[in-house]
Amino acid sequence: MKLKIGDKVSYPSQGPCVIGPVVKRVVDGKLTEFHHWIVLDSGGEFLVPVDKPQAGGIRPLLEKSEIPTLLAHLKKATRSAEKWNQRARENAALFSSGSAFDLAEIVGSMSVLSETKRLQPSDRQTLERARKLLACEISEVMGETVSGAEAKIDNALRERKEDEEADNKAARNRPRIKNSEPFL
-4 MKLKIGDKVS
6 YPSQGPCVIG
16 PVVKRVVDGK
26 LTEFHHWIVL
36 DSGGEFLVPV
46 DKPQAGGIRP
56 LLEKSEIPTL
66 LAHLKKATRS
76 AEKWNQRARE
86 NAALFSSGSA
96 FDLAEIVGSM
106 SVLSETKRLQ
116 PSDRQTLERA
126 RKLLACEISE
136 VMGETVSGAE
146 AKIDNALRER
156 KEDEEADNKA
166 ARNRPRIKNS
176 EPFL
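Residues in the sequence shown are numbered consecutively from -4, following my numbering.
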């Protein structure tokens, strides 16, 4: 991936960023070039070596056409691991991938978990962080406010819950076979 000044990309655990000018710094006695990156939602700044931008899940922002697929992914949330330490490892791996779909996986699974039990502070922080990064990318791609993107996320999660409740109701209303003899 060739980076240019003004490109918008997603950096794992930071979210959408804009690429600033190349700056030179002396590191270990050697002159090194860095891209100056600015985090779009917080205004934070950091430097990434020019010769290693592909490392670590850096990717272009999603296309507008991918947002409906991303939101549909939220509707298919799976359950998180029951043990907090396994859940923390899984979520750390998903964060480090840099994928918006992995962020959606975290938001969906942690939201499902929050419906059945009270989240621990670390789980709440994980959910909030993933949700913030996801909303920021959707907002940037769609050209809307972060609150508008959060509403899209909330709607997808609400639809998932409604679909799950409808499935559960349908399962309860299915006729049961009373005769225990096998079908021939």
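I should point out that these hints are in silico values taken from the structure, not numbers from a laboratory.
Hints may be right or wrong, so weigh each one.
Only pairs whose alpha carbons sit at most 27 Å apart, straight line, appear in this in silico DSSO-like list of lysine-lysine [stated by the list, open to error]:
no., residue 1, residue 2
1, Lys71, Lys112
2, Lys127, Lys78
3, Lys71, Lys(-1)
4, Lys3, Lys127
5, Lys47, Lys112
6, Lys112, Lys127
7, Lys(-3), Lys19
8, Lys70, Lys156
9, Lys59, Lys25
10, Lys70, Lys112
11, Lys3, Lys47
12, Lys78, Lys156
13, Lys127, Lys164
14, Lys19, Lys59
15, Lys25, Lys(-3)
16, Lys70, Lys(-1)
17, Lys70, Lys127
18, Lys(-3), Lys70
19, Lys71, Lys59
20, Lys147, Lys71
21, Lys147, Lys3
22, Lys(-3), Lys47
23, Lys147, Lys112
24, Lys164, Lys(-1)
25, Lys156, Lys59
26, Lys59, Lys164
27, Lys70, Lys59
28, Lys59, Lys127
29, Lys112, Lys59
30, Lys47, Lys70
31, Lys164, Lys70
32, Lys164, Lys71
33, Lys71, Lys25
34, Lys71, Lys47
35, Lys3, Lys59
Distance windows between CB atoms, simulated [claimed, not checked]:
no., residue 1, residue 2, range
36, Ala83, Pro55, 44 to 54 Å
37, Ala83, Pro16, 30 to 40 Å
38, Arg113, Arg153, 27 to 37 Å
39, Ala166, Ala76, 18 to 28 Å
Keep in mind it's a predicted model, so treat the numbers as computed, not measured.
Every residue, glycine too, gets a C-beta built ideally from N, C-alpha and C.
In ascending order, which of the hints set out earlier in this document are inconsistent with the structure?
3, 5, 9, 13, 14, 16, 18, 24, 26, 29, 30, 33, 34, 36, 38
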